[in-house]
Amino acid sequence: MPESSVRPASRRRFNAGSVATHAVLSLGALVMVFPFLWQLLTAAKSLAETAKVPPTFLPDTWNWSSFEEVFTALPFKEMLFNSVFNTVGRTVGQLVFCSLAAYAFARMRFRGRNVLFALFLSVLMVPSSLLVLPQYDIIQRLGLLNSAPALFLPGMFSAFGTFMLRQFFLTLPKELEEAARIDGAGPFRIFWSIMLPLVRPALAALAVITAMWSWNDLLWPLIVNTDPEKMPISAGLTSLEGQFETNFPVMMAGSLIASLPMLVVYVFLQRHFVQSVALSGSKS
Amino acid sequence: MSVFPSTAAAKAAGRRKPAAGAPAPGSRDQRAAYLFVAPLGIGFAVFYFWPLLQTFFYSFTEFGAFGGNTWIGTDNYVRVLKDVTVWQALGNTLIYCVIGLLALPIAIGVAALLNRRGLRGVAVYRALYFVPFVTLPVAVGLVWNWLYNGDYGLINEVFEWFGADRRYWVSDPSTAVYAIGTVMVWSTTGYYLVIFMAGIKGIPRDYYEAAELDGAGPLRRFFTITLPLLSPTIFFASVICMINSLQTFDLIYIMMAEKNPAIGDTQSVVSLFYKWAFVENAQGPAAALAFLLMLIIAALTLVQFRLQKRWVHYA
Amino acid sequence: MRRRTLLYGAMAAPLLAACSGQSDDGEQSGGRTTLSYGVWDVAQVPGLQKVIDAFEKENPGISVRMELTPWSSYWTTLKTSMRGGTAPDVFWMNAVNLQLYAAGGVLEPLSGHIKSDATPVDRHPEALVQIYAYQGTQYGIPKDFDTIGLWYNKALFDKAGIKYPDATWTWDDVRDAAAELTNPRQRVHGMAAEMDRQGQLYPAIFGAGGYVLRDGKSGFGDERSIEGLRYWTDMIDRGWSPPQSAMVESKGRNRYWSEKTAMYYDLSAMAGQMYAVPALKDHGGVAVLPGGRERATVIHGLANVISAKSRKKEAAWKFVHFMAGREAAEIQAAAGATLSSYEGTQDAWFKSMPEFELKHFVDMLEYAVPYPSSKNTAVWENLQYPLLGAAFSGKGGIESAARTLGEQMDRALKEERA
Chain U
0 MPESSVRPAS RRRFNAGSVA THAVLSLGAL VMVFPFLWQL LTAAKSLAET AKVPPTFLPD
60 TWNWSSFEEV FTALPFKEML FNSVFNTVGR TVGQLVFCSL AAYAFARMRF RGRNVLFALF
120 LSVLMVPSSL LVLPQYDIIQ RLGLLNSAPA LFLPGMFSAF GTFMLRQFFL TLPKELEEAA
180 RIDGAGPFRI FWSIMLPLVR PALAALAVIT AMWSWNDLLW PLIVNTDPEK MPISAGLTSL
240 EGQFETNFPV MMAGSLIASL PMLVVYVFLQ RHFVQSVALS GSKS
Chain W
1226 MSVFPSTAAA KAAGRRKPAA GAPAPGSRDQ RAAYLFVAPL GIGFAVFYFW PLLQTFFYSF
1286 TEFGAFGGNT WIGTDNYVRV LKDVTVWQAL GNTLIYCVIG LLALPIAIGV AALLNRRGLR
1346 GVAVYRALYF VPFVTLPVAV GLVWNWLYNG DYGLINEVFE WFGADRRYWV SDPSTAVYAI
1406 GTVMVWSTTG YYLVIFMAGI KGIPRDYYEA AELDGAGPLR RFFTITLPLL SPTIFFASVI
1466 CMINSLQTFD LIYIMMAEKN PAIGDTQSVV SLFYKWAFVE NAQGPAAALA FLLMLIIAAL
1526 TLVQFRLQKR WVHYA
Chain Y
369 MRRRTLLYGA MAAPLLAACS GQSDDGEQSG GRTTLSYGVW DVAQVPGLQK VIDAFEKENP
429 GISVRMELTP WSSYWTTLKT SMRGGTAPDV FWMNAVNLQL YAAGGVLEPL SGHIKSDATP
489 VDRHPEALVQ IYAYQGTQYG IPKDFDTIGL WYNKALFDKA GIKYPDATWT WDDVRDAAAE
549 LTNPRQRVHG MAAEMDRQGQ LYPAIFGAGG YVLRDGKSGF GDERSIEGLR YWTDMIDRGW
609 SPPQSAMVES KGRNRYWSEK TAMYYDLSAM AGQMYAVPAL KDHGGVAVLP GGRERATVIH
669 GLANVISAKS RKKEAAWKFV HFMAGREAAE IQAAAGATLS SYEGTQDAWF KSMPEFELKH
729 FVDMLEYAVP YPSSKNTAVW ENLQYPLLGA AFSGKGGIES AARTLGEQMD RALKEERA
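Quick note, the sequences are listed as chains U, W and Y, same order. The first sequence maps to residues 0 to 283 in our numbering. The second sequence maps to residues 1226 to 1540 in our numbering. The third sequence maps to residues 369 to 786 in our numbering.
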């Protein structure tokens, strides 16, 4: 391992630096986590306390019943299932469709490439709510209103994901492809078994980002699936919102529970950010 | 003329003549490329381009609340351009864009720190920085409104301790935009962090090891290795960040109560679009506004793509 | 706590019921017609479920299933689903949207049905029924109503040694009391002059003899209307009420609940929530609105309407007809979440919170002014807060702000007719 030969030389500076690093990172982490903590504290308050002036920070009395009540208040299981379905559908769709197109845009030459890429990017440039009505019409014409596929269909196609993966494909050295081509590998083989594994960190990042977006998406599910049975949890939680006042403790408890699967997904996927790509071996 | 950067291969083939090395139409590579793009292209055509075309047509019509269009030419566009609130919203939007871009250096810095070899608790930090992602937007609004609270908020307590005056941060027209911008940076940093962490992991470790052997310190390694090799990712993130912050809406919606006296001073173009399209039943002008915004975003994106040749290093 | 259990029950009922089976399209299941009923208020769901149970008992061939959409997305969702025909058969309508939907031809006209079935529309407050008529045709039948009353904190009044508000009170009495009750050291204000159209702006405008909308013209530039608005801004300028900028984070309602403001104009619908705050249950009170030049309050209420696209209109009408009757009103009133609009059915609601003298809300029906609306109400309503915000924050005069608002509103009204 080459690492061990480097270490002794810089050990001292490394330690001094790491104290400062920890200080900066911890402070940042606190700022990032604070609203999440607030969510936890609010979930432990009584409804009346959440409306108090001046607002309280710590609950007057700790009351965890909201966490139980959320299960009786919402059909949590069904909604969780819809959320999973929606999230998996969009994430898998984007990973497949975007990586294929991104690879072509980054590494293949074909007529109309730049025009097509610009056209694809234009999708990012309009507010997504502009297209909600016509998209609704299409889902209706497909006879898919109030169905599970309605949730994820348009979300499977993403200009964001295509652009992101294209950037990562662009950074790969071209020698790899050429070597494979000389060995007689076809375009799909090169894509699938040589290039795709090299952008795994990017795929993991895209998966995380897409999963988060899908999990939290609100407007589209509410519009396309009016049937509560077919709603994901993000939309379900908003039904705790009253016209005048909202039941914050139960809403916060519900959202904390709903966010647990996402944290698990993240912890699982982040291993892939950690692993460096084994480029060095093939380069030499 | 090529608008977008040619790949490394194309560069090698000759900068100004991207077509020179292109395979002949109908060749195997060409066909493969179309097959690679087709699935996404079909999805886009159905769910995005067709709706986009339809909406573009609507932007030239008077649009009934429940269907029915009458052609009115460019009236909607004229109305949008003449509306002072549009220009005010555009000004606000540009401020959001500038503030929003601050998330990038922060995220790069944190990503670089998290990449330090031998740093303990990296996994914990990564998870913590991810938390804003899973925080319910309503909770984000609540907690920040509590922090900003003019009478009882923590921020005012701190300022008062230093001898400054209390302020109604989100209802004072002179501070509200910046108050929202701050929350915007907070809420997007973790998101760019995920992208940058992936980008940094794509940089081969041996570059760092070689530099370390040459005696390069952490700062020097950051500027000579991390930044240049991360530049394609930074470029991507800055385009996305610009586009997203020019479309700021959710945060304003969450942070600004309807009765906030500063609401006009914080309204973004997309908040105005949302109000017109979904509250005031003015879909025609709303569509026109959206297309004007698209034009601005497209122009700025084009500039970014043009400028990238000067600072983005592809392999 | 009462409200909590009520809410949980409410939230559990519709969604769980919706998930407990039944074929989802609902056209026919075992020879039964299933109606969908679109509502937005989670608090009313348990009461409505009881009404539905009674209706289903009487009409064994029909079942009704509620679709709860949160307020914040109710109208967007509804408008969209109108396009695709997935709109509920029967749904809630409010004053702001009635004319828009009626003019758009998406509501079933009810006048003919009302006549042939002798639906007791005349037993509901006339001012309210009138809101749901458009160009001489009735499109909705009210189910409940809201008026604004003066809520006050008896303990704070006792501490200041002031008599409680009653039906003899005028604006001068309010001002005197507000001055006395304000205690800057305790951060207690006499009043919370919130910039809210239904709770504060409109009642004061009507009380001053002004108007909001008359014959297609805005009343905001009217002298009397301005006088009404000044009733509020004056209290802010004198420090008897926090400025609007301070009520963004700590709303007037929350200040009243937390005993930080002694008086507050608020909806009858808030009674349940107030009752759940122990201090207010103990020493909260309510009175009719004090008189300005005139006695006035604002009345609004929700109505049931039928979608013109419904394929089950006959069953839908049976349900709406049932909802308009005495039995339904009484069941709803007993549930406590809302005040039924059917004449003489409010007793159960009064009794559900005996500590408050809720009958004042019904006493005010005599001079209640309907919530003003036109075809595109939202457009001119959206002009109000941005233009009046500065004056309600102690920055800039109310008179010029109100006149500007009047001009801009007139322009919006003209556009609406074009």
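Incorrect hints may appear among the rest.
Here are the simulated PhoX-like pairs of lysine-lysine, each with C-alpha atoms no more than 25 Å apart in a straight line [as the list claims (entries may be wrong)]:
(1) W:Lys1500 <-> Y:Lys619
(2) Y:Lys727 <-> W:Lys1500
(3) Y:Lys649 <-> Y:Lys522
(4) Y:Lys743 <-> Y:Lys585
(5) Y:Lys425 <-> Y:Lys585
(6) Y:Lys782 <-> W:Lys1500
(7) Y:Lys425 <-> Y:Lys686
(8) Y:Lys649 <-> Y:Lys619
(9) Y:Lys743 <-> Y:Lys649
(10) Y:Lys522 <-> Y:Lys619
(11) W:Lys1500 <-> Y:Lys527
(12) Y:Lys585 <-> Y:Lys649
(13) U:Lys51 <-> Y:Lys743
(14) Y:Lys527 <-> Y:Lys677
(15) Y:Lys743 <-> Y:Lys782
(16) Y:Lys585 <-> Y:Lys418
(17) Y:Lys522 <-> U:Lys51
(18) Y:Lys763 <-> Y:Lys619
(19) Y:Lys681 <-> Y:Lys418
(20) U:Lys51 <-> Y:Lys418
(21) Y:Lys677 <-> Y:Lys619
(22) W:Lys1500 <-> W:Lys1307
(23) Y:Lys782 <-> Y:Lys418
(24) Y:Lys483 <-> Y:Lys763
(25) Y:Lys522 <-> Y:Lys686
(26) U:Lys51 <-> Y:Lys649
(27) W:Lys1500 <-> U:Lys173
(28) Y:Lys483 <-> Y:Lys727
(29) Y:Lys782 <-> Y:Lys585
(30) Y:Lys782 <-> W:Lys1307
Covered, in the sense of this in silico footprint (three residues per stretch, anywhere, with C-beta under 8 Å from a C-beta of chain U), are these stretches of chain W [as the list claims (entries may be wrong)]:
(31) 1362–1369
(32) 1384–1390
FYI, nobody ran anything at the bench for these hints, they're computed from the structure. Heads up, the beta-carbon is just placed ideally off N, CA and C, and yes, glycines get one too.
Going down the list of hints, with the structure as the test:
A distance of roughly 23 Å separates the Cα atoms of Lys1500 of chain W and Lys619 of chain Y; the hinted pair therefore holds under the 25 Å criterion. Proposed proximity of Lys727 of chain Y and Lys1500 of chain W is contradicted: the alpha carbons are some 38 Å apart, above 25 Å. Distance check on the hinted pair: Lys649 of chain Y and Lys522 of chain Y sit about 11 Å apart at the alpha-carbon level, within 25 Å; holds. Simply put, Lys743 of chain Y and Lys585 of chain Y have alpha-carbon atoms about 13 Å apart, close enough for the 25 Å limit, and the pair holds.
Pair hint Lys425 of chain Y plus Lys585 of chain Y does not hold up; C-alpha atoms about 48 Å apart against a cutoff of 25 Å. Only pairs whose Cα atoms come within 25 Å are accepted, and Lys782 of chain Y paired with Lys1500 of chain W is accepted, the gap being roughly 20 Å. Of the pairs offered as hints, the one joining Lys425 of chain Y and Lys686 of chain Y holds, with about 13 Å between alpha carbons and a cut-off of 25 Å not exceeded. Distance hint between Lys649 of chain Y and Lys619 of chain Y is fulfilled; the C-alpha atoms sit about 20 Å from each other, no more than 25 Å.
Annotation: proposed proximity of Lys743 of chain Y to Lys649 of chain Y is violated, straight-line Cα distance about 40 Å (limit 25 Å). Only pairs whose Cα atoms come within 25 Å are accepted, and Lys522 of chain Y paired with Lys619 of chain Y is accepted, the gap being roughly 20 Å. Between Lys1500 of chain W and Lys527 of chain Y the alpha-carbon distance is near 46 Å, which puts this suggested pair outside the 25 Å criterion. For the proposed pair Lys585 of chain Y and Lys649 of chain Y, the alpha carbon gap of about 43 Å is over 25 Å, so the pair is violated.
Restraint check: the Cα-Cα separation between Lys51 of chain U and Lys743 of chain Y comes to about 38 Å, which exceeds 25 Å; the hinted pair is violated. A hinted pair counts as satisfied when its Cα atoms are at most 25 Å apart, and Lys527 of chain Y with Lys677 of chain Y does not qualify at roughly 59 Å. Using a Cα cut-off of 25 Å, the hinted pair Lys743 of chain Y and Lys782 of chain Y holds, with the two alpha carbons roughly 11 Å apart. Restraint check for Lys585 of chain Y and Lys418 of chain Y: the C-alpha separation of about 43 Å exceeds 25 Å, so the hint is violated.
Straight-line distance between C-alpha atoms of Lys522 of chain Y and Lys51 of chain U comes to about 19 Å, which keeps the hinted pair within the 25 Å bound. Proposed proximity of Lys763 of chain Y and Lys619 of chain Y is supported: the alpha carbons are some 19 Å apart, at most 25 Å. Proposed proximity of Lys681 of chain Y and Lys418 of chain Y is supported: the alpha carbons are some 22 Å apart, at most 25 Å. Note on Lys51 of chain U and Lys418 of chain Y: the hinted pairing is violated, with a Cα-Cα distance of about 33 Å set against a maximum of 25 Å.
Between Lys677 of chain Y and Lys619 of chain Y the alpha-carbon distance is near 40 Å, which puts this suggested pair outside the 25 Å criterion. Pair hint Lys1500 of chain W plus Lys1307 of chain W holds up; C-alpha atoms about 17 Å apart against a cutoff of 25 Å. At roughly 45 Å between alpha-carbon atoms, Lys782 of chain Y and Lys418 of chain Y are farther apart than 25 Å, so this suggested pair is violated. Restraint check for Lys483 of chain Y and Lys763 of chain Y: not satisfied, since their Cα atoms lie roughly 54 Å apart, outside the 25 Å limit.
For the suggested pair Lys522 of chain Y and Lys686 of chain Y, the alpha carbons sit about 46 Å apart, so the restraint of at most 25 Å is broken. Note on Lys51 of chain U and Lys649 of chain Y: the hinted pairing holds, with a Cα-Cα distance of about 16 Å set against a maximum of 25 Å. Note on Lys1500 of chain W and Lys173 of chain U: the hinted pairing is violated, with a Cα-Cα distance of about 49 Å set against a maximum of 25 Å. Between Lys483 of chain Y and Lys727 of chain Y the CA atoms are separated by roughly 31 Å; this puts the pair beyond 25 Å, and the hint is violated.
Of the pairs offered as hints, the one joining Lys782 of chain Y and Lys585 of chain Y holds, with about 9 Å between alpha carbons and a cut-off of 25 Å not exceeded. Distance restraint check for Lys782 of chain Y and Lys1307 of chain W: the Cα-Cα separation of roughly 18 Å lies within the 25 Å cut-off, and the hinted pair is therefore satisfied. Counting residues of the segment 1362–1369 of chain W whose beta-carbon sits less than 8 Å from any beta-carbon of chain U gives 7, enough to reach three: the coverage restraint holds. Given as covered by chain U, the segment 1384–1390 of chain W fails the check, having 0 residues with a CB less than 8 Å from a CB of that chain where 3 are the minimum.
Consistency with the previously given hints fails for numbers 2, 5, 9, 11, 12, 13, 14, 16, 20, 21, 23, 24, 25, 27, 28 and 32, ordered from lowest to highest.
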